[in-house]
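Trainee: In case you want the letters, here they are:
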Amino acid sequence: MTNQNNNPIRKWNAGAIVGVLFTSCSVYYFVKSFEYPYRNRFGVGPGLFPRWVSLLAIVAGVVYTLVSIFKDKFTVGDTFPHGKELLNVLTTILAILVFVLIVKQTGFLVASVLLLFVLFIRSYPVWKALLYAIIVSAIVFAIFKIGFSVPIPVNRWGF
Amino acid sequence: MVEAFSSLYEGILIAITPENILYCFIGCMVGMLVGVLPGIGPSEATALLIPLSYGLDSVTAIIMLCGIYYGGMYGGTITSVLINTPGEAASVITCLDGYPLAMQGRAGVALKVAAVGSFVGGISSTFGLALLGPAVADFALSFGPSELFALLVFGMSTVIGLMGKSLIRGLIAVCIGLSLALVGMDPISGTIRYGFGIRELVSGLDVVTLSMGLFGLSEILVGMENLSVAGKATAINSSKLLPEEVRPTVMSIIRGSFLGFFMGLIPGTSSAVPALISYSMEKNLSKHPEKFGTGVPEGVAGPETANNSYVGGAMIPLFTLGIPCSPTIAILMGAFMMHGMTPGPTLFITNPDVIWGTIASMFVGNIILLILNLPLAGMWAKLADVPSKLLYPVVLIVAMMGAYTVDNSVFGIVVMLISGVIGYVLKKLDIPLAPTILVFVLADMMEQNLLQSLKINSGIGGLFKSTTALVLLIASVVVITFSLIAELKNKKSALLTHDE
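Just so you know, the protein sequences line up as chains D and L, in that order.
Under our numbering, residues 8 to 166 are what the first sequence spells out, in order.
Under our numbering, residues 197 to 696 are what the second sequence spells out, in order.
Looking at chain L on its own, in the form it has when it is part of the complex (with noise of 0.2 Å):
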């Protein structure tokens, strides 16, 4: 302990340099004002603005990024509470009884629990990634071929499992990440597979030209379906919580806390899901769930805490074993080998100024999106009355830019192009998109561990010799039977969520 928060007070000093400030202070910025806009959550902003940190250091980059990142989940709250229409998934729930708060002439009150909640939320994970986080790499040290193989496995299957409205869907969307990644050359041998000749497939698909086609641009297409979209804020009057509601909304925030950062750690979760959780468990746990959904104070902490903390808990399988539980932590991910590291546990050794740096940053970002937060939520919420036919095409071509970045050639706009009208049609037909994003990360990395466990162990019968492996296996199977009987039941809807 006393070693991690040593490191911490390292990755402090390298947060507090005026770059790495100014930098995190643009990130948030530009997190908070894409998070405003509705229809561009964080997993959009952060595919979409990568390309901004090409010229950075790789410590500042992940920084601004990740400001981005939960700059985002703060900015959907705004618009949720101002005008009923929530910028990000995890903010829908924040709509239930933050809007009916703003409609009572309350939205002050709304804004600034929701705001507190999130700092709270945004800090206690981020001591929780400071702490746990070496641990767990240590741990992760010890993983053979089979084990990380095992892990794959179970975290592609709480993928299929808990994304999507049906199991089939779930597994499409993973076999379209699967069979993307197996473009370009194999990890093993060199072996250039469904290149179709095209020069610029032998080094395979890029995540982030990927990932800004699947999520951004099939998002815009579905924006510019309708141009005249437009919202109209609310004003912000009283800020205060009356006596009674003080004690119950600490409560939500503590709740939230916990419930945010542990959710962080499942490999398919989003922030949605730990929000619509934490909402259920504050109504069952309330004296007066029936005031719920008419603008209690508590429905907006709790949720808002929970999917802040979220990000903390689901930095750690990122940092510690190099497996992203969410769509933005894929893409983030993508961010990470862009600026040539690779996560898992040896990052820890080998890059431990970003790490740190980064860890020590979200300290720095959540008290400068407090800040941001309460006494300027009426002006964020202006932006949100841009209207859809200036913002989607202003967007289209900053997303275009990027592409064209990634290997400076034309070749990143089509593939963008490509992946973003496959992604439009999955969003129509209901398929969820984020699996195919987070297997198309993991599929490298499955396919060469299973490969070394079957050279290593002559055979299939390996797998399962490790007890490790096994329990891994055994709990995979355990989560897909189960998902399969809660789909037939039709119980699903309570861990029902949306790409981030």
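Looking at chain D on its own, in the form it has when it is part of the complex (with noise of 0.2 Å):
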């Protein structure tokens, strides 16, 4: 606990990381849109709205930012989680990112299994977690492609 509170990173301002993070990628979307023209030859064109627009972000990001710095602070200890907490979030991410890698090689439910089994791991014992793993994605699985007929990801074998 003590090595969290010490940790230099959660008393940053997550406000204004946000705020930055959001004005930089609007001044991107503003550089970007001198791509596309601002009349053509039916009048206005395409570049038009999204020149605006970016334009418009720029100030809400740089306000956004200032409100944060002056007013408004959240630090980043005291919005997010952290320990047990952020790792469950973190976990969840991971295992999606992972889904998505293999799903197209393994099929859905191999798949689903393996990203249920890492979620319930972390509630149930082994064997507990293994077993519901199988049976939602068992269910999920008959819903979709059975009763939906919905053209799920399977492997060679089907599933």
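Everything labelled a hint here was simulated from the structure, so no lab data went into it.
Quick caveat, the model's predicted, so the values are computed rather than measured.
Ideal placement from N, C-alpha and C gives every residue a C-beta, glycine not left out.
There could be a bad hint or two in this list.
Per label pair, the in silico range of CB-to-CB distance [said to hold, decoys possible]:
(1) L:ALA671 to D:LYS91: 22 to 32 Å
(2) D:LYS135 to L:LYS436: 38 to 48 Å
(3) D:TRP164 to L:LEU218: 29 to 39 Å
(4) L:ASN604 to D:ARG129: 40 to 50 Å
(5) L:GLY655 to D:HIS89: 52 to 62 Å
(6) D:GLY50 to L:ALA671: 23 to 33 Å
(7) L:ALA682 to D:VAL66: 17 to 27 Å
(8) D:GLY50 to L:GLY393: 51 to 61 Å
(9) D:PRO158 to L:GLY655: 31 to 41 Å
(10) D:PRO158 to L:TYR205: 36 to 46 Å
Simulated coverage check for chain D against chain L, where a stretch passes if three residues somewhere in it have a Cβ under 8 Å from a Cβ of chain L [what the hints assert, rightly or not]:
(11) 19-30
(12) 69-82
(13) 124-138
Straight-line C-alpha distance at most 30 Å; calculated DSS-like pairs for lysine-lysine [as the list claims (entries may be wrong)]:
(14) L:LYS651 to L:LYS661
(15) D:LYS78 to L:LYS487
(16) L:LYS651 to D:LYS78
(17) D:LYS91 to L:LYS624
(18) D:LYS78 to D:LYS18
(19) L:LYS623 to D:LYS39
(20) D:LYS111 to D:LYS135
(21) D:LYS152 to D:LYS80
(22) D:LYS80 to L:LYS651
(23) D:LYS152 to D:LYS135
(24) L:LYS685 to D:LYS78
(25) D:LYS80 to L:LYS436
(26) L:LYS623 to D:LYS91
(27) L:LYS685 to L:LYS624
(28) D:LYS78 to D:LYS111
(29) D:LYS39 to L:LYS479
(30) L:LYS685 to L:LYS651
(31) L:LYS624 to D:LYS18
(32) L:LYS487 to L:LYS436
(33) L:LYS436 to L:LYS479
(34) L:LYS685 to L:LYS623
(35) D:LYS111 to D:LYS18
(36) D:LYS80 to L:LYS624
(37) D:LYS80 to D:LYS91
(38) L:LYS479 to L:LYS661
(39) D:LYS91 to D:LYS135
(40) L:LYS623 to D:LYS18
Could you use the hints to bring the two separately framed chains together as a complex?
Mentor: Pasting the structure below:
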């Protein structure tokens, strides 16, 4: 706990960081909008709307950053979870990424069992986590593939 | 009016086919189920379950999705009353008097007045929708690009003004929605913008996938933080109103019906707003305002009626103008488009079967929900005992499958993941998500009408030549100004709303 409290990242201003990131993306959008003609033979061109939208976004981003620095301060430590809670969130994101990478090769059922097992194992004993993962995956597979005829990804054995 | 009733009759014939009744029932059941589960509200439920409608006929699909929407509104009430845990934002107010009633052994009273109020609100607003819808659609057909653009600006300004705790956070959410909408082909010349060479981005981002990420996945990530949450339901005993409680309860239901319906017409509100205003109004009109918060039936009946009546009102701008007034309606609009229909004034002409079938199905759905609610409330409440550690992974895999089936590609899951992480960060920073999705849906229409107006009128001046457009633009400035003043005076809390 002491280590977590001493972690300097936890004192960073999350609002300001997001504000700067948002403003940077808006500046990129604004620069990129010059690639699209502001006027064309039809009159106004496809560059008009992006130019004004990104300009509005830059203004909003700068104001939000300033408000985050001087008025509504959200520190990383107070805003985002840490310890086990953070690990739960990161595990979920990572498990989805792994699912995306393997689902075409392994098919839905295997990828789903793996994803659910990784999530269930954090709260259940191994055998229960595996059992739940298999049952839930099989039900979802049956609902989508058989019940709603959705073309979900399958392996060479049909699952 | 005769024409409206004749069309409604045609709609009833469509709605009462065995297949449509079955899917309306499934929609209501699923909506109730997710409404009961804490953390998953109507927006999340509708977004996550749109893929279930893929294989269905368009009328049946919309009927089922609408069932999920108002079923979710009903379901949220049960957990508010029995375990003091609102299933969705609009039910937060129900906790104030619903739970104290349950603690007094009068949970049955709270659930009964909530169910009857929701039923009356739902039915009366559906009548309002049937009567006013065609008239508004006829009026909307006279709108040109300038008027439509001004109307969309007005909608956007109310979204910025009414949602979230601060104007600047609302504006950030709007800018995110607008920026995301720029990805893909532009609506006039077909130029591909911000495609980054990715083939899947040529047609732009899909509203359903985006909603699943922003609303569904972000909620799952918040839920995954703490997996040990589970409630315990209170037993249901007495369900009879005391004689002196009957009149104020009936009056609160009548007032809630009107309030919810008209609030539904205002873009940027959510069902939580009429619920909140109804509670405040009932308290002010009551002879014993001090008892509010200790368990009075009208404190439950008014807000519950208002938030269900809101649903019918909110359908009018969608069906007649193609403008979604709330996040859930924006997601429903995505479903319309997915099934090959464009919501707007011409929808009454091009797809009358869908419109009137859907409107009529709301009567059927409300009756189904009343039957499901009154005798089975205790059974529904047991569902709230499902532990988060089991619930969230199951919802996650269903959502991922849904995202995959949008265009049968893992790209949908990647978009959902990225938007889910963005939604999670925005939630943590108290930036409202609803404006993002509402503006995302409206942006294409907004750009198209702006460009057409500029072309027809040879410049921006044309926008001010039309009286309707001018009035709407002035109204937009007024809304933003008032919101800014209210924020500066710190009086905005009365209108403060969560994402639906």
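Trainee: Report the numbers of all earlier hints that the structure fails to satisfy, in ascending order.
Mentor: Structure breaks hints 1, 4, 8, 9, 15, 16, 21, 22, 25, 28, 29, 30, 35 and 38.
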